[in-house]
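Number of protein chains: 2
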Amino acid sequence: MINTLVEKIQKTNAPIVVGLDPMLKYIPEQIRTAAFAEYGETLKGAAEAVWQFNKGIVDAVADLIPAVKPQIAMYEQFGVEGLIAYQKTVDYCKEKGLVVIGDVKRGDIGSTSEAYAVGHLGKVQVGENRIPAFGEDFATVNPYLGSDGVKPFLKVCKEEKKGIFVLVKTSNPSSGEFQDRLIDGKPLYEWVGEKVVEWGEEVMGDSYSYVGAVFGATYPEMVPVMRKLMPKTYFLVPGYGAQGAKGADLVDFFNPDGLGAIVNSSRGIIAAWKQEKYAQFGPQCYADASRQAVKDMIEDISGAVNAAMTGKRA
Amino acid sequence: MINTLVEKIQKTNAPIVVGLDPMLKYIPEQIRTAAFAEYGETLKGAAEAVWQFNKGIVDAVADLIPAVKPQIAMYEQFGVEGLIAYQKTVDYCKEKGLVVIGDVKRGDIGSTSEAYAVGHLGKVQVGENRIPAFGEDFATVNPYLGSDGVKPFLKVCKEEKKGIFVLVKTSNPSSGEFQDRLIDGKPLYEWVGEKVVEWGEEVMGDSYSYVGAVFGATYPEMVPVMRKLMPKTYFLVPGYGAQGAKGADLVDFFNPDGLGAIVNSSRGIIAAWKQEKYAQFGPQCYADASRQAVKDMIEDISGAVNAAMTGKRA
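Residue numbers (our numbering), protein chains in the order written: chain E, 85 to 398; chain H, 85 to 398.
Bear in mind the hints are in silico, worked out from the structure with no lab data behind them.
Note that the Cβ used here is the ideal one computed from N, Cα and C, for glycine as well.
Honestly, I wouldn't trust all of these hints.
Stated by the list, open to error - With beta-carbon atoms standing in for the labels, derived distance ranges:
| id | chain 1 | residue 1 | chain 2 | residue 2 | range |
| --- | --- | --- | --- | --- | --- |
| 1 | E | Glu179 | H | Lys239 | 35 to 43 Å |
| 2 | E | Asp143 | H | Gln209 | 22 to 30 Å |
| 3 | E | Ala118 | H | Asp264 | 52 to 60 Å |
| 4 | H | Lys330 | E | Asp143 | 53 to 61 Å |
| 5 | E | Gly387 | H | Lys312 | 50 to 58 Å |
| 6 | H | Pro315 | E | Gly260 | 25 to 33 Å |
| 7 | E | Met393 | H | Lys239 | 38 to 46 Å |
What the hints assert, rightly or not - Capping the alpha-carbon separation at 27 Å, the derived lysine-lysine pairs in DSS-like fashion look like this:
| id | chain 1 | residue 1 | chain 2 | residue 2 |
| --- | --- | --- | --- | --- |
| 8 | E | Lys109 | E | Lys358 |
| 9 | E | Lys312 | E | Lys245 |
| 10 | E | Lys312 | E | Lys242 |
| 11 | E | Lys279 | H | Lys270 |
| 12 | H | Lys279 | E | Lys270 |
| 13 | H | Lys109 | E | Lys242 |
| 14 | E | Lys242 | E | Lys92 |
| 15 | H | Lys270 | H | Lys235 |
| 16 | H | Lys358 | E | Lys207 |
| 17 | E | Lys207 | H | Lys139 |
| 18 | H | Lys207 | E | Lys358 |
| 19 | E | Lys172 | H | Lys207 |
| 20 | H | Lys109 | E | Lys207 |
| 21 | H | Lys172 | E | Lys172 |
| 22 | E | Lys207 | H | Lys172 |
| 23 | H | Lys172 | H | Lys379 |
| 24 | H | Lys207 | E | Lys109 |
| 25 | E | Lys239 | H | Lys109 |
| 26 | H | Lys207 | E | Lys139 |
| 27 | E | Lys109 | H | Lys235 |
| 28 | E | Lys279 | H | Lys279 |
Please build the complete structure, drawing on both the sequences and the hints.
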């Protein structure tokens, strides 16, 4: 799947992923009203609004991008009904040819981690049948429990040719509380990064490993060291746009081949219609606002990366 | 909810929690056959088997114990159908008067962590309504993202009088890869433990905080220091039984008041009928085997704790 992701990034010239993290307040009133009219102000009504909203955005942007990253928490807050909307979203994006990165941040031990791996990336055995459940292409994984938590994912990744992104350095302000603490002179996130490389060696794709790393755009000063330490690791980079980072801040995430990173934007794309910059689209054309925001993001990031790579080659 | 948990532990004299982590191989054939006959060898058939299996165990042990801990991964592996079985299990256990600890190990940042907190412990706003989704009483939380990931849970815990258990030191063999690494002379898990105390001060119950800690029974040598460092923190202790720890290994988890810890057993209880020790019950009476295993566990743990506390007071 990492090979597919790389191909799609090259084909679209868009090293970006759209985060499908719908909050009800991002959803234009006409969609909410229609969903509540059908199912009431219920969990089912909320889930329907989320699904219709997502569908509009996916239809508007699918040809421009390689991948989407639905954040499962935003669906899980509506319970089972929300997870039905999550499943519909995953299925629909795959039908549209998009790579789906399930931002699930799961992580447990042994047979429990295996259950997460199977449920999200693999197939679960039921009697004589092996059945896929959520069926994302990639999942994000929390490393706090160590190798026991990650290895069951590697097994499933190998079988299914799927991938994971392990949290190394997250984009939030307090990520440093534990992740930046020095252990034998190196921050914890670097130790985690080294493990990611080690885990990744077991499951190599053509040019990058099936095991990627989440590394926040909000800490660009830490990137050059990590990029060198992890040359075959794809970085999934949150923190662009609404969280503050710009294209020019991100060039160090990329390898000289112009690959190696995929930058996420969630709010900046899906709630673009609420920004002054895209206000002319209005709530009816919220999906067109998202399309324009995707184009602007591609220009910002690909522009900066191409300029930097040309500079390096010159 | 921590007050309720403490009361129930005192009333049952059972500082234990039954982990409802069903795997299909633990489920007796008559239950699987009936479920597959109704729904086929499908995700729905698997979920039905899980739910019927759980119901039998809960009916058999509910009067003996204060709490259950369903491990959501074991349901999530069957996708949405599995999560419907999770929801039924949570609801049923609450009807039976049990405290429900959702072993979800969630953790993200900001509004995302808030969505998890709301979905599992709180109420989500949909139009004019505030609606509970999964509705567990406690949830387990991963600390790798720092305070940003935990504080949204504290807010919901305060509003709803619910609680969390933060992973401090997990029971698995590789938990030390990151958790034991020394930072300024102290292991990472101790730094996390100190944060747990700090977070817990914001949400105190009568004698213990709403913020507890997960600390594996398999590392008893580390416990006395942590018990002293975290006197108002309830410990949720995995690793008993199938993972190797015995009652006598656990006495240091308890405070001199005989409280402060609740020990989990999953496989050792729910799959008791597969052990030689309980083989006389047979698969038809699997729930009676679980009941006997609960009684034996209570005797082992309460016996060891009572003896130790009597010894300390003498």
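Taking the hints in turn, this is what the structure says about them:
1. Glu179/E - Lys239/H: 35 to 43 Å: The hinted range 35 to 43 Å holds for glutamate 179/E and lysine 239/H, with Cβ atoms some 38 Å apart.
2. Asp143/E - Gln209/H: 22 to 30 Å: holds, 28 Å
3. Ala118/E - Asp264/H: 52 to 60 Å: holds, 54 Å
4. Lys330/H - Asp143/E: 53 to 61 Å: At 59 Å between Cβs, range holds.
5. Gly387/E - Lys312/H: 50 to 58 Å: holds, 57 Å
6. Pro315/H - Gly260/E: 25 to 33 Å: Once the Cβ atoms are compared, 28 Å apart, the range 25 to 33 Å for glycine 260/E and proline 315/H holds.
7. Met393/E - Lys239/H: 38 to 46 Å: At 44 Å between Cβs, range holds.
8. Lys109/E - Lys358/E: holds, 10 Å
9. Lys312/E - Lys245/E: Holds. Lysine 312/E to lysine 245/E sits at ~25 Å (cutoff 27 Å).
10. Lys312/E - Lys242/E: holds, 25 Å
11. Lys279/E - Lys270/H: Holds, at about 21 Å.
12. Lys279/H - Lys270/E: holds, 21 Å
13. Lys109/H - Lys242/E: holds, 24 Å
14. Lys242/E - Lys92/E: holds, 21 Å
15. Lys270/H - Lys235/H: holds, 24 Å
16. Lys358/H - Lys207/E: Given that 27 Å is the threshold and the Cα spacing comes to 26 Å, the pair holds.
17. Lys207/E - Lys139/H: holds, 26 Å
18. Lys207/H - Lys358/E: holds, 26 Å
19. Lys172/E - Lys207/H: At roughly 23 Å apart (the allowed maximum being 27 Å), lysine 207/H and lysine 172/E satisfy the hint.
20. Lys109/H - Lys207/E: holds, 16 Å
21. Lys172/H - Lys172/E: holds, 22 Å
22. Lys207/E - Lys172/H: holds, 23 Å
23. Lys172/H - Lys379/H: holds, 25 Å
24. Lys207/H - Lys109/E: Holds. Lysine 207/H to lysine 109/E sits at ~16 Å (cutoff 27 Å).
25. Lys239/E - Lys109/H: holds, 20 Å
26. Lys207/H - Lys139/E: Distance ~26 Å between lysine 207/H and lysine 139/E Cα, so the pair holds.
27. Lys109/E - Lys235/H: holds, 22 Å
28. Lys279/E - Lys279/H: holds, 25 Å
Hint compliance for this structure: every hint is met.
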